[in-house]
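Participant: Residue strings, one per chain:
Protein chains: 2
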Amino acid sequence: MFKGLSAFPLTPLSEAGIDFRAFTGLVERLVDSGVDSMGVLGSTGSYAYLQTHERKRVLREALAHAGGVPVIAGIGALRTRDVLELALDAEDAGVAGLLLAPVSYQPLKDHEVQALFETVCAAVRTPICVYDNPGTTHFRFTDALHGRIAALPNIASIKIPRLADDPVEAATRVAALRASVPSHVTLGVSGDASAVRGLLAGSDGWYSVTAGLFPEVALQIVRAVGNGDEEGAIALSVRLAPLWSLYDRFGGIRVMACATALLRLCGEDCLPLPLQGLRDGEREEVEAVLGGLGLL
Amino acid sequence: MFKGLSAFPLTPLSEAGIDFRAFTGLVERLVDSGVDSMGVLGSTGSYAYLQTHERKRVLREALAHAGGVPVIAGIGALRTRDVLELALDAEDAGVAGLLLAPVSYQPLKDHEVQALFETVCAAVRTPICVYDNPGTTHFRFTDALHGRIAALPNIASIKIPRLADDPVEAATRVAALRASVPSHVTLGVSGDASAVRGLLAGSDGWYSVTAGLFPEVALQIVRAVGNGDEEGAIALSVRLAPLWSLYDRFGGIRVMACATALLRLCGEDCLPLPLQGLRDGEREEVEAVLGGLGLL
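Chain order of the listed sequences is V and H. Taking the numbering used here, I'd label the letters of the first sequence as residues 164 to 459. Taking the numbering used here, I'd label the letters of the second sequence as residues 164 to 459.
Derived from the structure by calculation, the hints contain no laboratory data. There's no promise every hint is true.
Identical chains blur together in the list; that is why a pair holds if it fits in one copy or across any two.
[As the list claims (entries may be wrong)] Below, computed lysine to aspartate or glutamate pairings styled on EDC-like, alpha-carbon distance capped at 20 Å:
1. LYS272 <-> GLU431
2. LYS272 <-> ASP411
3. LYS272 <-> GLU224
4. LYS272 <-> GLU445
5. LYS272 <-> GLU178
Produce the complete structure using the sequences and hints provided.
Facilitator: If you want it as structure tokens, here you go:
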């Protein structure tokens, strides 16, 4: 389940509410795309900004429109009680997997994060992916903690943060984590810019923001790696460097929101305030980059 | 309003709900204590972990039990729509001031934070304190941004993060910020360990976690500074070094939760999971430190 390419679509919304029509449109684009799974209500899916009842509805809309593509649902929240409610609801709704980040306001201690995962693992039967994203949660996992959590029942994968661009460093990181967790737990990379490095280093999958809107370009990279075409895979990723650069400058969610609007798949303002969409010159830059890559 | 000593009490709670009896007990302890204001639903008051309806009720309980002490309410939230709802509700309820932090999940851009404050400033008539707390929000204000926000209508104060222990560095920091904001905007220090440095450097107030439970020890420091007794003020703060050390190691909220329980003012588990209270040896350390300081 937590292998290959997992696509993370945006949840378009405005101050008036979630744009379910646009959201289900994005989900349907992924159905025959060839992605192995889709991750709804990930960071790019604005899970952290939605109320519990909104998240339950988004998930049901995704499941109703996902065709045969397995759906992974983000269940992270600041409080354990909310995580549990979302986990049980997602399981009832029929998700294939759960994605859980240790969201924080007060900095969390290792034993608190471990207890959070113990509580959720004991409450569900659905496989769980540990979402390691220090850029948003500000929690830093040690490999020892990853090892303890990965040994819990129902833990099936770890979504690891962006790897170094340097191939040796990336491979060393993947190998170190691999050595710390049980062999049945898959490792999937995030950070699209260096995903090819993770795949070449033997990670099992790619949790991809880009694939949420442009599954083909991500699939090309995954297939090249699968065919043993290391040079080709790297070249495909390098070709996308202008896109990776936009992510670095503006944040992936703002670029994807802009791109989705440029494709007329959602309205101009589709992020939860205080997050703002890109404007004027920034928007034109995104348009130029996507146009240059043949993505518009 | 945003001057002198402002005390920030805990909001004791459990998975079963908020312990309103314990909370109002903490509020009532502050009524005749001599503090200049109280800040409810601050970071130590767990605002980030509570639902909107819970926060509205906590605020009303505080106002009903605060006697003549002005109440400042934390109104931070991940979404602008929730901040606005909380701001208008707090104003309706009769608070003296609002405390607004740029809470983040996706890292925020300067113009997004500015727009958040513009929106709230335009919607209320109540004075607002800008809550600068990079340890929890992970947003770093520049002085230029502080200057632009401080010039907005209704902005009355900035709650600044912990200053350096070094007196020259602390004074330089306060002076630099002072030079960046209008003169009617007060500066109040956080980070109890170095609060005395901020007060001696001429900041207008102290937003204090310690004062939420032990107003006397904080007031002694404030009064010594007010009397021009620099050495005495520093000595009072140095005497509390074992307490500051506990904050550093365990986080202020966990220490205050433990101290509140040791004083039998709330139950043993009074933090929102995944945050856990201190246990066994850690709890005994807190007990020993507080006992040694005559605070139990």
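Participant: Taking the hints in turn, state whether each one holds.
Facilitator: Hint check:
Taking the shortest Cα distances, LYS272 and GLU431 sit within 20 Å of each other only across copies (18 Å), while inside one copy they are farther apart (40 Å). When the C-alpha separation of LYS272 and ASP411 is checked against a cutoff of 20 Å, the pair qualifies only between copies, where the shortest distance is 13 Å, while the shortest distance within a copy is 29 Å. In this homomeric assembly, LYS272 and GLU224 never come within 20 Å of each other (Cα to Cα): the closest approach is 35 Å inside a single copy and 31 Å across copies. Within a single copy, LYS272 and GLU445 get their C-alpha atoms only as close as 39 Å, which misses the 20 Å cut-off; across copies the closest is 14 Å, which meets it.
With identical chains, the CA atoms of LYS272 and GLU178 are at most 20 Å apart between copies only, with a shortest distance of 19 Å across copies and 34 Å within one.
The structure shown violates just one earlier hint, number 3.
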